[in-house]
Structures are given as C-alpha cells and as structure tokens.
Amino acid sequence: MTEITHHLPDWLIRSYATGSLGHAFSLVVAAHVSQCDDCRARLEAEELAGGVVLESLDAVSASDDLRKRVFDGLDSDPPAAFTAPARSGIYPGAVVEAMGGAEPRWRALGGGIRQAILSEDREGSARLLYIPPGMAVPDHGHNGLELTLVLQGSFSDETGRFGVGDVEVASDDLDHTPVAGMEDVCICLAATDAPLKFKSFLPRLLQPIFRI
Amino acid sequence: MDNRKTSANASDEACEQTEWLVAVRDRRDKAAFARLYDHFVPRLKGMLMRSGMSGAAAEDVVQDVMLTIWHKAHLYDESRARASAWIYRIARNRQIDVIRRRPRPVPDEMIAEAETRESPEADALVGLEQEAAQLRQALETLPEAQREIIERAYVGELTQAEIREATGLALGTIKSRIRLALEKLRHELKDLREE
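So the protein sequences, as listed, match chains A and B.
Under this note's numbering, think of the first position of the first sequence as 1, with each following residue one higher.
Under this note's numbering, think of the first position of the second sequence as 213, with each following residue one higher.
If you are wondering where the hints come from, they were derived from the structure by calculation, not from laboratory data.
Hints should not be assumed to be uniformly reliable.
[To be verified] Label pairs and their calculated CB-CB ranges: (1) A:Val-169 with B:Ser-388: 15 to 25 Å; (2) B:Arg-314 with A:Gly-111: 49 to 59 Å; (3) B:Pro-355 with A:Trp-106: 31 to 41 Å; (4) A:Leu-74 with B:Ile-311: 49 to 59 Å; (5) A:Arg-161 with B:Asp-250: 48 to 58 Å.
[Unchecked claim] Stretch-level coverage of chain A by chain B, calculated; a stretch enters the list once three of its residues show a Cβ under 8 Å from a Cβ in chain B: (6) 16-27; (7) 53-61; (8) 92-103; (9) 178-192.
Here a beta-carbon is modelled for each residue, glycine too, at the ideal position from N, C-alpha and C.
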C-alpha cells in the first residue's frame, strides 16, 4: 500500500473523540483511522486527553440500584452486545456495518459512475462512489463540508492526488473536478453535511431524486 | 476549596487505576473492579449528564459501560491507553449508540490477544503517565476561559463547529509516543501471522 499523505484535520479527530461528530463524518473518520496509524495515534492522544478531563470532573452520586445492577451483572453472561463487523476486502468494518453486511447496492448515475447511499440524516449523508478509470466526477462546489476517502484506485483534482487511505477535506470555497486514476476503478467513501451543487452533468432539478 | 491535586500525586493515582484495570483483565479481580467503580462511576455519570442526558439515562449508559469494562477487559492494552482513556472511549461509544439508536462507526481494532501479547515495556507505561501529567499541567496553566472551553469540548458540551473554531490544544508528543506503541504492536502481529 502506498503511503497515506492526506490526513484528517485535528478538529475532526477531536470532534469524533468527544462524540460531537454526526454519523456520516464519523463513518469517514472511523474508516480512515482503520488504515492510518498516524491518525489512530492522534485519536488515542485525544482519548488520553478525554480521560484526563474525565478524572478531573466533580463526582455526581449514583444510585445504590445502579451498583446492584452492575455487580449482579458480573457473573451473568455478557449481554448480546453489538460487535463491529470485520473488514471485508477494501471496506473497513464500519463501512461493512453501514452497508448492512452486504455488497454495495450500486445505482447508475450516468457516464459509468455509480453510487450507493449508506446513510442520511439531518446532519448529512454518506455514500460510496464508483468512478471508472479516467472518468471525471463533474465539477462541483459544496454548500458545506465534503470528506472523500479513497478505498480503491485513486483520483486527482486541482489540489493533488489521492490514493488508497487518503482523505480529501473540501469546504465551500473549493470548486473541484476529481478525475479517477487510470490504474483501477476508483471507489470512494464520501460524506457531506449538505447537498452537493453539481454545475453540469445532472440538472439541479434532478438532484433530490438522485440524492446527490 | 481547591481540591486539585499536584501533578505528581495525580500521576501516581492514575497509575493505580491502570493497575486496577490490569488486575480485572488478568485475574478477574472483583475488588479491583469495585475500586474502578467507585472512582469512575460518579465522574462518568457527571460527564454524561453534562453532555445532555437525564440522570436515569446516564445511569443506564454507565451500567453498560461498567459491564463492558468487565466483559471486554481482555481487549485492554495498557501500553497504548491509560485506564481513563479506554473508559472514556467506551463511554462515548455507548452514549452515541444510545442517542442515535444505531452503532457508532468505530475504527477496526488492532487486536493482540492477552495470551499472545508480550508484556508491555515499562517505559511505554511510564511514558503515557508522563504525557498525562504534562497534559494536566498544561491544562492547569491555561487561562481560565481557555481551560474551560477545552474541558467543555472533552466533556461533550461543544458542537463540531465550536470545536473547529475554538480548541487549539496540540497533542503532538503524545501522538508520537502512542505511534511508537502502535508500530510495536503492528510488528508483533506480523510476527504472529508469520509463525
């Protein structure tokens, strides 16, 4: 695997660690950290700080009932807790979980480009994008923030080249045209906190239908 | 009343908490678990309430967190995380699972089972304690307003937009120390696979 050169900014790692990041962006952070030791170390440093703050907090008395419930639970079997699925092929466990443990349900967008929506809520959406070698994703600006993590292949745009494990952080002021590398189909995990504004390719009116 | 402890004492204490957790992991030591309970439960409950949960909801999450600590202690690696950091992560994971009614996306684990893991080097542990002591000292010397905003960020009272704008606490040296521990683990895992 080539070396990862595009990492997550500090504020995103901190927002993830403290629990203030929405689901779509959390998915990108978890997927990037799964393959980037550097950002895993940064996340664990944030958690070390979280632990230091936790220890400094004032105590709030807890009920006797809680104590009983916890100590009664020690000898029981562990509750059937959720276990994160394992990585599958190019997909980190968190992405496998978001796909419901199945293959991506691709929908054609035209020009050979496909997408599979993974999640949508008030705070944003996450999707997989499938871009054939050499294809351009239409020039688009953003209303908000867009994170794009490469899972297979590569893409390049006005800001540089992004290979497997690299994450691009694009805010409102970036108008870019990502082009997939020739070596393979480029598969990306993309998350936004607002709808994208495509300038061409799809009429604006169709955007709600395609949920781009 | 100022009940803030000196850094040296607090560091000894934190070491103690890590020892309790290791005792739970290696010997299923219920007395050590009770000490973890007494130390962390009131603080966890306070943290969860400050990030917006009712007392009853916070206690439900704390119950799950404490049982997760007991049942998943075999996954704890003291060369990479102090007890409080590991518990902080478990609490956040559980809290977000509950609030969003769906599993929080979490990174793939790098797991070396306790049986196969070499005993962690003492300097990795001391290193983490030193980092924590320095961090605590750095927080204590910050201007009050700045210290408060950082505390609020880690407690979970700030939004992502507020964190983006507000908190500038760099954790560079801590990161590189943990990075070394990760590389060592990566190396051990590779050796295991090749055996």
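Now the hints, each set against the structure:
1. A:Val-169 with B:Ser-388: 15 to 25 Å: Holds: the Cβ-Cβ distance is about 23 Å, inside 15 to 25 Å.
2. B:Arg-314 with A:Gly-111: 49 to 59 Å: violated (33 Å)
3. B:Pro-355 with A:Trp-106: 31 to 41 Å: At 53 Å between Cβs, range violated.
4. A:Leu-74 with B:Ile-311: 49 to 59 Å: violated (26 Å)
5. A:Arg-161 with B:Asp-250: 48 to 58 Å: For B:Asp-250 against A:Arg-161, whose Cβ atoms are near 53 Å apart, the range 48 to 58 Å holds.
6. 16-27: holds (count 10)
7. 53-61: holds (count 9)
8. 92-103: It holds, with 5 qualifying residues against the three required.
9. 178-192: The restraint on the segment 178-192 of chain A is violated, since only 0 of its residues have a Cβ under 8 Å from chain B and three are required.
Hint compliance for this structure: hints 2, 3, 4, 9 are broken, all remaining hints hold.
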